[in-house]
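**Q** Generate coordinates for the entire structure from the input sequences, incorporating the hints supplied.
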Amino acid sequence: MGAEVAAGGGSLPGFLGRKSRYARMDDVLPPEPEDGGVVRVRGGGGGSSRRYVFACSVFASLNHVLLGYDVGVMSGCIIFIQKDLHITEVQQEVLVGCLSFISLLGSLAAGRTSDVIGRKWTIGLAAAVFQAGAAIMTFAPSFAVLMTGRLLAGIGIGIGIMVAPVYISEISPATLRGTLASFPEIFISFGILLGYVSNLVFAGLPDHINWRVMLGAGILPSISIAFVLLVIPESPRWLVMQSRAGDARAVLAKVSDSEEEAQERLAEIEEAARVTASDKAAWRELLRPSPVVRRMLITGLGVQFFQQATGIDALVYYSPTIFRDSGITTESQLLAATVAVGFSKVAFIVIAIVLVDHVGRKPLLYISTIGITVCLAVLAASLSLLARGALPSGVAIGLAILTVCGFVAFFSVGIGPINMVLSSEIYPLRLRAQAVGIGFALNRMASGGVAMSFLSICRAVTVAGAFTAFAVISALSVVFVHLFVPETSGKTLEQIESLFGGGAVTSGEVELGDAERLEHKRLVTH
1 MGAEVAAGGG SLPGFLGRKS RYARMDDVLP PEPEDGGVVR VRGGGGGSSR RYVFACSVFA
61 SLNHVLLGYD VGVMSGCIIF IQKDLHITEV QQEVLVGCLS FISLLGSLAA GRTSDVIGRK
121 WTIGLAAAVF QAGAAIMTFA PSFAVLMTGR LLAGIGIGIG IMVAPVYISE ISPATLRGTL
181 ASFPEIFISF GILLGYVSNL VFAGLPDHIN WRVMLGAGIL PSISIAFVLL VIPESPRWLV
241 MQSRAGDARA VLAKVSDSEE EAQERLAEIE EAARVTASDK AAWRELLRPS PVVRRMLITG
301 LGVQFFQQAT GIDALVYYSP TIFRDSGITT ESQLLAATVA VGFSKVAFIV IAIVLVDHVG
361 RKPLLYISTI GITVCLAVLA ASLSLLARGA LPSGVAIGLA ILTVCGFVAF FSVGIGPINM
421 VLSSEIYPLR LRAQAVGIGF ALNRMASGGV AMSFLSICRA VTVAGAFTAF AVISALSVVF
481 VHLFVPETSG KTLEQIESLF GGGAVTSGEV ELGDAERLEH KRLVTH
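In the UniProt record's numbering, the protein residues as written are 1 to 526.
None of these hints come from the bench; they were simulated from the model. In this text, a Cβ means the ideal position worked out from N, Cα and C, and glycines have one as well. Check each hint, because a few of them may be wrong.
Distance ranges between label pairs, derived from CB positions [to be verified]:
#, residue 1, residue 2, range
1, G449, E271, 37 to 45 Å
2, A55, E271, 43 to 51 Å
3, D84, E270, 53 to 61 Å
4, R459, A267, 55 to 63 Å
**A** Structure below.
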């Protein structure tokens with residue numbers, strides 16, 4: 001690539017001390033002598049702007065801690081809720097799975113809401129709605145009231161998980177977008193780990209108190225969102241759509257390495273905004289897509305579907321059930337094993353964030369989907385052999401823990417975070433909010449379908465049979481990645497459209513154009 005710096009060359013230290021695979025030519029060429037002419041001084045500086053973008057991305061991702069915590073804590077809460085409120089197995093499935101179905105309503109509403117009130121204030125709205133739901137669940141005296149709080153929390157989560165990736169992608173430069181857009185997934189993973197730890201810590205309390213304390217603790221992260229709203233700026237793309245170019249320029253000056261880069265990004269956004277359709281026109285285009293938009297939808301919706309259809313929520317929500325089936329018996333051992341799963345998920349999502357802009361999206365998706373397929377197949381085989389008495393209990397327990405941790409590790413290093421990256425970067429600005437909302441809605445439907453049916457499926461075809469089906473679906477996801485997912489690393493949001501056949505620019509020409517524009521920038525600034 002024209003803008004790619006060879007390994008061992010003069011690439012600048014990248015984000016958070018790592019080397020950036022993509023650098024600007026005027027960053028790596030020798031500087032002109034100070035006494036030989038006028039040198040234009042950079043505005044802001046790369047280090048300070050990157051730290052600012054990093055902080056904004058972290059703050060915008062805090063809502064995802066709520067989703068992760070809810071998912072993780074419910075795996076243990078359901079054990080004690082069943083004892084306290086005496087709910088049936090079907091009620092357990094509904095309580096667990098309804099969050100995903102209800103959150104899809106929030107995801108669909110978030111697209112329109114974020115276009116009206118802005119990405120920033122939609123993040124705040126999501127936290128407020130979740131707080132109300134979590135408070136109701138904490139003090140619920142019955143299953144009906146518990147479900148009311150669960151539904152309200154689901155709407156808040158749906159809004160939050162849709163808007164944060166869009167916001168992050170719209171403030172991030174192309175060279176950091178993959179890394180920063182992965183932040184929501186690491187915060188989900190961190191939230192899941194917190195939920196597992198909460199289960200283990202509070203399990204010793206009386207059954208009518210412990211699950212309430214576990215759920216109530218989930219309110220704490222959402223309180224911090226009030227501070228976040230005072231710190232983060234509005235999305236520059238949304239500001240341009242509201243005819244507030246001056247405000248957008250001010251934001252871009254803070255999140256760009258130089259004044260020239262800020263002006264270039266603003267020009268690209270304004271050019272894209274000129275063809276931005278109305279809300280009705282956007283939905284009309286999505287319902288009757290052109291070949292280019294259809295290819296984008298196939299990629300975006302397909303990745304969203306396969307992320308959940310391979311069974312990640314079954315492993316996270318029902319990991320105690322899986323470990324019990326493998327031979328672990330006591331509640332403390334079951335909850336301790338889930339904490340190991342949580343640590344594995346967090347550790348490998350950090351690895352993914354480091355690699356996503358270095359290795360690229362597609363190679364990580366290959367590693368992820370193939371690894372998940374192997375882990376699911378081994379888990380299904382080991383549980384089947386254990387049921388037939390052909391595998392010692394100790395070996396089965398070891399394989400179960402190893403494969404479940406392996407599953408979440410491969411998930412976290414690829415399709416988990418990259419799902420969010422792709423969903424927020426492949427669509428043109430005029431369709432982005434609505435298309436991302438549809439994608440998250442599909443994601444939540446698949447998640448809810450898995451969560452609400454897993455126990456019933458296990459009862460019908462055994463746990464081993466359920467994971468055999470997941471393994472087959474995961475194998476199909478490998479084929480899907482090969483056929484339908486392009487490499488988007490290092491492209492600006494406006495250039496990515498060309499990868500799907502939009503415009504007259506091909507992928508190679510986009511890369512050459514980047515290099516030529518950056519070289520031109522060096523010449524005019526020296």
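**Q** Next step is simple, just say for each hint if it's right about the structure.
**A** Do the hints match the structure? See the list:
Judged by the Cβ atoms, the range 37 to 45 Å given for G449 and E271 holds: they are separated by roughly 40 Å. With their beta carbons about 29 Å apart, A55 and E271 fall outside the hinted range of 43 to 51 Å. Evaluation of the 53 to 61 Å hint for D84 and E270 yields a pass: the beta carbon distance comes to about 57 Å. Distance hint check for R459 and A267: the Cβ-Cβ separation is about 59 Å, which falls inside the suggested range of 55 to 63 Å.
When each numbered hint is compared with the structure, a violation occurs for hint 2 only.
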